[in-house]
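Trainee: For reference, the chains in residue letters:
2 protein chains.
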Amino acid sequence: MWKPDRNSKKALFEQIADNLEQRISYGEFPPGSLLPSERKLAEQLGVNRSTVILAFAELRAMGIIESRTGSGTRVSSSKWGATPRHTPNWSRYSEGGSFLPNPPFMRRIREALTQHPSLIDFASGELAAELAPSAEIAALMREQQYTGYLGYDNPQGYTPLRQSLVTYLGKYRGIQTTESSILITSGSQQSLFLITQCLLAPGDAVAIEDPSYCYSLPMFQSAGLRLFRLPVDRQGIQPGDIRTLFKKHRIKMVFLNPNFQNPTGTLLGSEERKQLLDVASELGLPLVEDDPFSLTAYEGAPPLPLKAIDPVGSTLYIGSFSKIAASGLRVGWMVAPNAIVKRLADARQQMDFGLSVIPQQIASEFLKSSYFEPHLERLHTQLLYRRDLLIEALEKELPDLVQYSVPQGGLHLWCKLVPEVHDGKLLEETIKKGAVFVPGSVYGSDAGYVRFTFARPKAEEIGPGIAMFAEALRELMG
Amino acid sequence: MWKPDRNSKKALFEQIADNLEQRISYGEFPPGSLLPSERKLAEQLGVNRSTVILAFAELRAMGIIESRTGSGTRVSSSKWGATPRHTPNWSRYSEGGSFLPNPPFMRRIREALTQHPSLIDFASGELAAELAPSAEIAALMREQQYTGYLGYDNPQGYTPLRQSLVTYLGKYRGIQTTESSILITSGSQQSLFLITQCLLAPGDAVAIEDPSYCYSLPMFQSAGLRLFRLPVDRQGIQPGDIRTLFKKHRIKMVFLNPNFQNPTGTLLGSEERKQLLDVASELGLPLVEDDPFSLTAYEGAPPLPLKAIDPVGSTLYIGSFSKIAASGLRVGWMVAPNAIVKRLADARQQMDFGLSVIPQQIASEFLKSSYFEPHLERLHTQLLYRRDLLIEALEKELPDLVQYSVPQGGLHLWCKLVPEVHDGKLLEETIKKGAVFVPGSVYGSDAGYVRFTFARPKAEEIGPGIAMFAEALRELMG
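So the protein sequences, as listed, match chains A and B. Per the working numbering, the first sequence starts with residue 124, numbered consecutively. Per the working numbering, the second sequence starts with residue 124, numbered consecutively.
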């Protein structure tokens, strides 16, 4: 992002006017389009609002922009000659299309993190930089010879990675499978996107957990699906609820995250797992099992996934490296019946012509390397340490004001607030203090819940971050 | 892919029966699902059909599969206990969804290439392995320290790559832009997918070239767009045709590939370019300019893209590394007004949560490195050499039977066949002889056209490959 040069002899407002004029002439802001507000631009460029007001005045004097009270500042459309030439009405185009934009809270959080990278981040559902195996991956890239063919990949994904995953899934997840049953994706998000786009039609009813990560994904609404809720308690969902929803709404698929569920951290009970598979096979109903967190289990072996104990093949299994290694690799996978793998692979070709071979090569080497086991062990220790730091901070800063269960795996802690406060106000106030979290309503819950991701901030930030949150909460309590 | 072991003491058919039983028990072929045909399986496993027949008989005797005349061989559904348990009807699910499958010819070609990797490949629209800068990329991976943060990327793409592209686009394509106007995509395919999904609604009319690469993309039909044709002659399209289509059908967007058009190789004339931009600004109509081939121009500077001479900002510009470096990197870009970049970036987050950082780092380093210029020079020489080998072979094998214009850039030669033969039969016959091409009808043309990609086969394969094609053609001429 361009910023004005504070050591230049040219005044800041002149530099900004020049930069805007250039961006307008390059087409970033076409004739008639709306410029960012004075406030926003000041924030982006790190200057006072008055400096932007001066820059706008300069451009207005040159006839390049026009401001009208209440409708912001636009690029002039009259400057472009006497003949009626016009640029497409881009804002109308960008409002069209069948893709819904992300929910406002998520966009607000992303915007805040882009503008203030120093915010203490309890919001991004990923590992901190220092928990990712960056050094190991850099070493693998140096050691290995990546001189393979860089053409388009196999539509199901890089074959050696699928072979490595057959071993990995057998060893770590108790899943017996074959490389032809595996589809490599860019992560759980793409797996879910392919399933909702290719196997379901608009109007279809599906069941999702409540609360659930799925509510934060507008892809479910964009695909025109009708969503029905399976309430999550301490043992996870009640399998009997699925039968009720099936009778009432003819649900066509069930989306589940049974191991350290996002956002609640719940582990589905082993009795519930059996009942769930019974209901699914009784109704001939597919289960989509999203399993990104199992290998983070802090102590002991992680629970076996549904897929490993599924007697008739009701399960579409989704896994990923994002939460156990590095989200930036963008490598995930699905295990599914052959017909489904082929269908989704074919559709994905139309969307993006498949994935880059390079991250897949790296992921495959990493799985087979002697780095993988020690990395997992270090990850467990680090996550447990951070979870305990978070709990310590909550107990210190907010005794009696929060309620939560202690998660045994995963990256998140789900927290009920005892005082009643306004979700959006709490978020804004916390951002002002210097931290950010995700309001529970993003996951479909009632107001008054918060998801804290303890894997993302630096360990030494957790205490101060919770202090900021506590301060914001107390201010709103008045 | 598993193959039976010919040195094993176990009979081939027993090995195959064991393997199938395992794949069935793992869920690759759930109860009730259809197995591949005997013929297909024999081909995949490299055995005689009779061996597969014996393996099937074995599995039938065990009650694992059932064959019914005319409806193929299925996994038994009765084996699964007395209670009515059933697996989801996966084939019904895989036929649902709003994504159309790829056109039959494209699937047939992909299948043939998967099963017989030794086919001489005039079909895949990409560079041969030896034309890609694999050694340079491997060297960059060794030399550079990729220890950056491996978290989720900026939704618009890796910032240093966007900065490198600002320089690249200015130097090589005459496009003045800023990093905030650039969206990194996984290639032109994803750029087009985002545009059709996010900026257009089902029922919208759009104009595409005839013939055109777009016809081979079911994404246009999947998005429910109404397609109208702009015939391509030697100078490219007639800009006046756009006005006619706009009046008649209210087209909302025009998709163009002005430089060495796929499949015809045509270069849009410079007079036509100006008229086109006039028509677009007169009608306020967006132009989508796909520009993957410009830098392959065999001699002299490639023509400036529309985007570089577009006075009012009508153009959405699409570029990619796939045709000038390596398709397996999966790195492309769009240059667009700010509102459009933000909208598409937000939608892409929902589909796949953004791209892997690693190929973007590599692409950025490659662009800035001293490897880039020499690579382009070598590419020009090699493409020109292969084009001339193809023309030589056509003149030798098929004098008077084919008509074509000599392309001055790009990877393809577009060829009219003088004799009338059946598209599909010609394809099958050529595959039998050992080569493969794309029938012109895939691009929306009448029967009797062929696209030969001379960039993909090895240089020494071009002559023999065309000899095979000629033999197939002559046989069908009777």
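Errors might be hidden in some of the hints.
Which copy? The list can't say, so a pair holds if one copy fits it or any two copies do.
With a cut-off of at most 30 Å between alpha-carbon atoms, the simulated DSSO-like pairs for lysine-lysine come out as follows [to be verified]: (1) Lys397 x Lys163; (2) Lys555 x Lys126; (3) Lys133 x Lys294; (4) Lys519 x Lys555; (5) Lys581 x Lys126; (6) Lys397 x Lys133; (7) Lys126 x Lys294.
These are calculated hints, taken from the structure and not from any lab test.
Trainee: Against each hint, give a clear statement of whether it holds in the structure.
Mentor: Results of checking the hints against the structure:
no.	hint	result
1	Lys397 x Lys163	neither (53 Å within a copy, 37 Å between copies)
2	Lys555 x Lys126	within (23 Å within a copy, 62 Å between copies)
3	Lys133 x Lys294	between (64 Å within a copy, 27 Å between copies)
4	Lys519 x Lys555	within (21 Å within a copy, 76 Å between copies)
5	Lys581 x Lys126	within (28 Å within a copy, 49 Å between copies)
6	Lys397 x Lys133	neither (72 Å within a copy, 38 Å between copies)
7	Lys126 x Lys294	between (51 Å within a copy, 23 Å between copies)
In terms of the numbered hints stated before, the structure departs from hints 1 and 6, listed from lowest to highest.
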